[in-house]
Amino acid sequence: MPDQNQRLLTIVCESMLEPFLQEELPHLGASGYTVTDARGAGRHGRRGGAWTKESNVKVDIVCDAEVAQRVVEHINREYKQHYALVMYSTDAKMHCV
Amino acid sequence: MSLEPVVLFFVLGLAAGLLRSDLKIPGSIYDALSIYLLLAIGLKGGVKLAEQATPGMLLDGVLIIGAAILIPLVAFPILRYLGKLKRADAASLAAHYGSVSVVTFSIGVAFLAQAAQEYEGYLIVFLVLLEVPALVIGVILARYGAGQVRWGRMLHEVFFGKSIFLLLGGMIIGYVAGPQGIEPLDKVFFDLFKGALAIFLLEMGLVAAGRLADLRAYGVFLIGFGIVMPILSASLGTAVGWMLGLSVGGTMLLAALYASASYIAAPAAMRIAVPEANPGLSIGAALGVTFPFNILIGIPLYYWMAQTIHQIGA
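Protein chains in written order, with the working numbering: chain A, 1 to 97; chain B, 1 to 314.
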């Protein structure tokens, strides 16, 4: 199977959004995603990560451009205004076997 | 009365944070300790409930919850009109102060054990029951019937979030097992409790230090509110405890429950139901001001208030 050109969409957000994303991402067309714990600082202050209420997660989704756009629009509409989150995407090559 | 030793661990954590020590409790240890403490408190409450449960307690419970509802209703106008906070922020803070803190309660219990003072063990039930009405009132105050509320998600977070779920689960296990049944678990859940609480408080000190550093941003009003509101709530708790005929220890614990502000269940619930409220304000006041005040000054003060009202009453 040839390699496929996809998008890698990364969402860094408050960890409390994780269960919501877990529920919503499949409906938006994402067939899978990877969640890792994250620390950092930004417009919403320091997110130390040691304390659950102040921790962040990083959600990586490899998907086609259409799904990535749908996810970005959904998150912008539902969460961007009030929650600490940042999204970015890049081209990704899926190495299929 | 000497300072309860576990409180000194909080002070140590606070000092480490303020002095920028590299001390850090790993998140997984914090999580494990919080699971342990919630289960232990729930078990203890369940066992006491199995020993002490009477039908009369039901009426006491209604009165205790009824009086507690006044707390967010009093806090809201103070925050909104005196503090000039936005509606969402005032409502969220009111919900945090109407809700309760498990750790403050635990320190109250440790304080009473050190003072060899008995208390009504069933008060632990109110750690669970007092959480919900305050959060619901907070959401209603924020919305006044307008705006969309994710009630389902919020209530799911309240009831099935780690804290209430473990407290309630532990309480049911303790109640079903009873004092004899739980005996084989005593060494793990009761004998080690204070040591675990000490390490947990070390972490709470570190977290609170982070909040203290930001205090300037909250302003004098919020710092004053974080100290005066728990004293007002504790006075209500002392009066209710005395009227219900609770012991000195029970009266003090009820006062501590009313005085405490939630910084675990309430922030999560408010983040879902009132996301436009600034969590920095509510967590900052509850954890940066009220929590240290309660454990360092409040609990000995509420003990004194309970002793005084019982002396006057007698």
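Because the hints were derived from the structure by calculation, they are not lab data. There's no promise every hint is true.
Derived lysine-lysine pairs resembling DSS-like cross-links, with alpha carbons at most 30 Å apart [claimed, not checked]:
#1 B/162 x A/80
#2 A/58 x A/93
#3 B/187 x B/162
#4 A/80 x B/84
#5 B/86 x A/80
#6 B/194 x B/24
#7 A/93 x A/80
#8 A/58 x B/24
#9 A/58 x A/80
#10 B/194 x B/162
#11 A/58 x B/162
These are the hints, each one checked on the structure:
1. With a C-alpha separation of about 26 Å, the suggested pairing of residue 162 of chain B with residue 80 of chain A holds against the 30 Å cut-off.
2. The suggested pairing of residue 58 of chain A with residue 93 of chain A holds, with an alpha-carbon distance near 20 Å, which does not exceed 30 Å.
3. This hinted pair checks out: residue 187 of chain B and residue 162 of chain B have alpha carbons roughly 23 Å apart, not beyond 30 Å.
4. In summary, the hint linking residue 80 of chain A to residue 84 of chain B is supported, as the alpha carbons are separated by about 26 Å, within the 30 Å threshold.
5. For the hint linking residue 86 of chain B to residue 80 of chain A, the alpha-carbon distance of about 20 Å falls within 30 Å, and the restraint holds.
6. Restraint check: the Cα-Cα separation between residue 194 of chain B and residue 24 of chain B comes to about 20 Å, which is no more than 30 Å; the hinted pair holds.
7. Our distance criterion of 30 Å between C-alpha atoms is met by residue 93 of chain A and residue 80 of chain A, whose separation comes to about 28 Å.
8. Simply put, residue 58 of chain A and residue 24 of chain B have alpha-carbon atoms about 22 Å apart, close enough for the 30 Å limit, and the pair holds.
9. Under the criterion of a C-alpha separation no larger than 30 Å, the hint pairing residue 58 of chain A with residue 80 of chain A is consistent with the structure, at around 15 Å.
10. For the given pair, residue 194 of chain B sits about 21 Å from residue 162 of chain B by alpha-carbon distance, which is consistent with the 30 Å threshold.
11. Restraint check for residue 58 of chain A and residue 162 of chain B: the C-alpha separation of about 22 Å stays at or below 30 Å, so the hint holds.
Consistency with the previously given hints is maintained throughout, with no hint failing.
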